[in-house]
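Model the placement of chain B on the given structure of chain A, informed by the hints.
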Amino acid sequence: MAAIAGRPAGKASWQRGLRDARLWLLLITAVLMLVDGYLIFMVAPTDAVLGHVQRIFYVHVPISILSFLGFLICAVAGIGYLIRRTERWDRVAHASAEVGVVFVTLALVTGIIWARPVWNAWWQWEPRLTTTLILWFIYVAYLMIRQYAPTPQQGRTWSAVVGIIGFVDVPIVYYSVQWWQSIHPKQVIGPEAAEGALEPIMAQILVFSLVATLALFTYLLLERVALRGIEDRLSQLRREGNTD
Amino acid sequence: MTELPPTNLPYLFAAFAVVWVVFFIYAAYMSWRRQSAQRELDEMRESNGQESGSGGNDGGG
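Protein chains in written order, with my numbering: chain A, 21 to 264; chain B, 13 to 73.
For the record, the hints were derived by calculation from the structure and aren't laboratory data.
Glycine included, each C-beta is placed from N, C-alpha and C at the ideal position.
Sample of chain A residues lacking proximity to chain B, with all beta carbon distances greater than 10 angstroms (derived):
#1 I85
#2 A141
#3 L163
#4 P172
#5 G175
#6 A223
Residues of chain A placed beyond 10 angstroms of chain B at every Cβ, according to the derived structure:
#7 L89
#8 L102
#9 T106
#10 Q144
#11 L149
#12 Q174
#13 D189
#14 Y195
#15 W200
#16 S202
#17 I203
#18 H204
#19 K206
#20 G210
The following label-pair restraints were derived from C-beta to C-beta distances:
#21 B/R45 to A/T66: 32 to 42 angstroms
#22 B/E52 to A/P220: 46 to 56 angstroms
#23 A/A68 to B/A40: 34 to 44 angstroms
#24 B/M56 to A/W142: 47 to 57 angstroms
#25 B/V33 to A/N140: 20 to 30 angstroms
#26 B/F36 to A/L38: 17 to 27 angstroms
#27 B/S43 to A/G30: 21 to 31 angstroms
Pulled out of the complex, with its shape left as it was, chain A reads as follows (with noise of 0.2 angstroms):
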């Protein structure tokens, strides 16, 4: 208690400048997202074969490499959480699962609508989608155990190792066009992916895109962290409130 009642006035300056970094960062992502929507519909030439349902890919490939962003910081916050112990690292790792979630979750719809009319079906249990479905299912399991867990201190354990464990699934995604049959398009970003896959008005669009979600992903990676600060603080008073 007298820690938070005593903070130094140097840690609320550094608190209030954070949060006037998020609402910059949230101004900033709004504009790069209009100026991307402008990209995607007006300047992105429309795809000769699958017409302007491709264009779904200039939001559903940055989404899913965010996704991945989120479960590799997941991972490592995690690893960190295990080794230090400490409230900071369990906050990363709980905010970057989270966002990864809702990530993950979008480009799986993404990819199910883009599929509909490309290849007629809404869902096809082919090696990307499969591995995909599998990765929401391991970090929806993480959120579930945090909130099941018998205690707090077991649900940051145990969610530290689910994520961990849970990222070997990432490589296994993003390799799965190539180490088994798909009908899934191959990498167009990445080690993989082959010269010249794009056209370069499409590719810069594409890396301009990624860099406006990242900015987003950013936003609401603090806002959670932030979130799960606040909320820490108020568990604390609750239980010295309880024990006073």
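Chain B in isolation, oriented as in the chain A frame:
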């Protein structure tokens, strides 16, 4: 460039709409939860007779 199949447009609209609605709801929900938790935290501190010393905001994580 080919003539576009008209049936594709609803799918394009649906995909972007879902993405934006979900992001907006998630961001708004977090913001609402943060403000509500912050209010509760400030009230608890006041009722405990403690001065937060930070202008009342703990949004730093």
